[in-house]
Amino acid sequence: MTRVLLVDDDVELSGLLREYLQQEGFDATAVHDGESGVAEALSGAYAIVVLDVMLPRLTGVDALRRIRARSRVPVLMLTARGDDVDRIVGLELGADDYVPKPCTPRELVARLRAILRRVELTAADANAAPIAAGPLTMWPERRRAEWTGRALELTSTEFNLLAALARRAGRVVTKAELSEAGLGRPLARFDRSIDVHISSLRQKIGPLPGGRSFIQTVRGQGYQFIVE
Amino acid sequence: MGRLFWKFFLMYWAATLVVVAAVGTTAWLVQAADEHAFERSIEGGPRATFVVTATAATLSRGGLPALRELLADWDRVGDAPVLVVGAGGRDVRGRFVPAPALARARALATTTPGRSGARLVTQSDKTSYVVFLPAEERGLLARISRPSPPSPMIPISVTLLTSLVFGALIAWYVARPIKVLRAAFERLSRGDLDARVAPLIGGRRDEVADLGRDFDGMAMRIQALLGAQRSLLHDVSHELRSPLARLQAAIGLARQNPLKTEASLERIGAAAQRVDELVAQLLTLSRLEATVTDRAYDRLERVDLVDLLASIAEDAHFEAQAFGKAVAVSADGEVVAEVRGESLHRAFENVVRNAVRFTAAGTTVDVSARPAADGLAFLVSIEDRGPGVPEEELPSIFEPFYRGAGEGRSPGFGLGLAITKRAIEAHGGTVTAANRSGGGLRIDIVVPRQGPQGTRDGGSGVVGGARAPRGPALPA
Chain P
0 MTRVLLVDDD VELSGLLREY LQQEGFDATA VHDGESGVAE ALSGAYAIVV
50 LDVMLPRLTG VDALRRIRAR SRVPVLMLTA RGDDVDRIVG LELGADDYVP
100 KPCTPRELVA RLRAILRRVE LTAADANAAP IAAGPLTMWP ERRRAEWTGR
150 ALELTSTEFN LLAALARRAG RVVTKAELSE AGLGRPLARF DRSIDVHISS
200 LRQKIGPLPG GRSFIQTVRG QGYQFIVE
Chain E
0 MGRLFWKFFL MYWAATLVVV AAVGTTAWLV QAADEHAFER SIEGGPRATF
50 VVTATAATLS RGGLPALREL LADWDRVGDA PVLVVGAGGR DVRGRFVPAP
100 ALARARALAT TTPGRSGARL VTQSDKTSYV VFLPAEERGL LARISRPSPP
150 SPMIPISVTL LTSLVFGALI AWYVARPIKV LRAAFERLSR GDLDARVAPL
200 IGGRRDEVAD LGRDFDGMAM RIQALLGAQR SLLHDVSHEL RSPLARLQAA
250 IGLARQNPLK TEASLERIGA AAQRVDELVA QLLTLSRLEA TVTDRAYDRL
300 ERVDLVDLLA SIAEDAHFEA QAFGKAVAVS ADGEVVAEVR GESLHRAFEN
350 VVRNAVRFTA AGTTVDVSAR PAADGLAFLV SIEDRGPGVP EEELPSIFEP
400 FYRGAGEGRS PGFGLGLAIT KRAIEAHGGT VTAANRSGGG LRIDIVVPRQ
450 GPQGTRDGGS GVVGGARAPR GPALPA
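Here the protein sequences come in this chain order: P and E. Oh and the first sequence: position 39 is 38 in numbering that gives the first Met the number 0, straight run, nothing missing. Oh and the second sequence: position 302 is 301 in numbering that gives the first Met the number 0, straight run, nothing missing.
Bound conformation, chain P alone:
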């Protein structure tokens, strides 16, 4: 069974969700504050973490920062509806996706599955050949990426996005395609998640010698991985 860690200070809600997730075939564990959330997430026992941003003491954003400092475990953020700041900060810090709270449990499960499917898909790519595009080399089966020999620390979403771009290096990949490949869901209106992930990818890799970014924005269409 897939192990899910729920970090939410609402004890009653956690209980309800745990029950729901169990019925859906997940093995869910709940903790109620940021500190123990970080400790559990770093234990390596979970396939995915569901993290509420509104936590007492250590906030969800801070907890995420600590988790990302040591682990690439997929993280799904529960954000306040309409609170764009939390959402963007969360994605920038390396959350794989977000769900506005309150949400239906069905929606939560769909998002969880989408993220897990992506991780499993790339893991199933074990026999796939490494992807090479310019200075970039990616080994999907090991979830490892190198830029001119330097290892890149990428979240699973970033890894999937970069792989999608690198596989079609030199051609434009639309945002809709990137959303399917990176987030495992169709692109929603006004959703800036892809842009946020792309911008953190650009930051992690740095500019090309000419000062240009290796991922070019093609306005109105999508993004393009540049090969010299």
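Hints were generated in silico from the structure; no laboratory data involved. Each hint should be verified, as a subset may be incorrect.
As the list claims (entries may be wrong) - Footprint (simulated), chain E over chain P, 3 or more residues, beta carbon under 8 angstroms:
#1 13 to 27
#2 90 to 102
Said to hold, decoys possible - Partner residues aside, some chain E positions facing chain P, computed with beta carbon under 10 angstroms:
#3 Arg-175
#4 Pro-176
#5 Ser-236
#6 Gly-251
#7 Arg-402
A virtual CB, placed ideally from N, CA and C, is assigned to each residue, including glycine.
Chain P is already provided as a structure; the job is to place chain E on it using the hints.
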């Protein structure tokens, strides 16, 4: 330059014109009167008498030729320009003769001949002359002989030009801050709540500057009120998040597994209950905000506050016993006041219940209620033996939705103490919190005896948004 500038400028300038005209006229009148006075008088005294007598004698003995010689001699000396006026009022040498002085000389010469500075000389040919020395002869003559005075146009135009400059300065001085204020009002009305005028007014000290400072005060208050309202709205929506999420989860469970429908319904009921409680408390808070305008909500009644508090404490003690806690009351005296009984009851009850909730098991909450020494106020203190509140958070505990953190986190909405503060302030009182030296929290409440104030202006803590539920509804 705005209209105001031109109005001030033109008014100032018109005023200057009037002043210049008035001063000019007065000066002219004074000068005219002066000349008149000069002309009226003739020289007296021994010297004048001598000069006049000598002249008269020369004239009567030697006739006009001798007189002319004498006068010529005196001209050389440069002294005593005596006038010799013949028929027709003309001086023998054709000099200017002030008419009033001549008339006076004639009169003096006839009434007191020989003793005054005027003499009448009648020649053999019956022509008569009046001999006299006009007063300040030299000055007068100098004036008569000197070139015409400089044109008054020069000082007048200088004055007017200066007044133009000063007029412009004054108009600018008054009109500029008003323009600044107007711009600030415009910014504010467009929704820019950061509009302030103080930096543009500077250290100026007058009514206009005060107006500017009042504007800043108003803008600050509006900003604070709107900020409080926004954060309240934000808090309310966050607060609604958890019961709604529970509702969704419970509904999801019921759909997922029909066997669990009964248990889910119970949870749905509990979540709905919580939403209901939140709305009820928000309404209470908003009614307290509106107490002044909405008097029907809670009538004034005569209540013995000591008695009221004692009964609240007794009820709380009864409930606290179940948790191994206790409430001890020390109430003496009697403070009968006209108060809104229900809201005060709720205010005290919230604090006492809060104390019971946080005091450690096996400890006692101390409630003391007594009249102040001067009998004009009612003092209440409530002390618990719980974890207390971090010093830096003490001022926040009366804000709506404050709920502490960690294990001691309150299970409520954090509206109880906010309601207390509103209610006490609506009665013109104060409520403060401090940590006890031995651990735990102490809340002090002072309620003045005269009861509710006409205004609730004293409320600085601002729960502006509490009216939101009465207004155009909360966002979904």
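Verification of the hints:
Only residues whose beta carbon comes within less than 8 angstroms of a beta carbon in chain E count, and the region 13 to 27 of chain P has 6; three or more means the coverage holds. Under the rule that three or more residues need a Cβ within less than 8 angstroms of chain E, the assignment of the region 90 to 102 of chain P holds, with 3 such residues. Contact between E:Arg-175 and chain P, as hinted, is not supported at the beta carbon level, the nearest pair being about 41 angstroms apart and thus beyond 10 angstroms. Look at E:Pro-176: its Cβ only gets to about 39 angstroms from chain P, farther than 10 angstroms, so that hint breaks.
Hint on E:Ser-236 holds. Least Cβ distance to chain P is approximately 8 angstroms, under the 10 angstroms limit. The beta carbon of E:Gly-251 is positioned within 10 angstroms of a beta carbon in chain P (closest approach about 4 angstroms), and the interface hint is therefore held. Hint on E:Arg-402 holds. Least Cβ distance to chain P is approximately 9 angstroms, under the 10 angstroms limit.
Against the hints set out earlier in the document, violations occur for numbers 3, 4.
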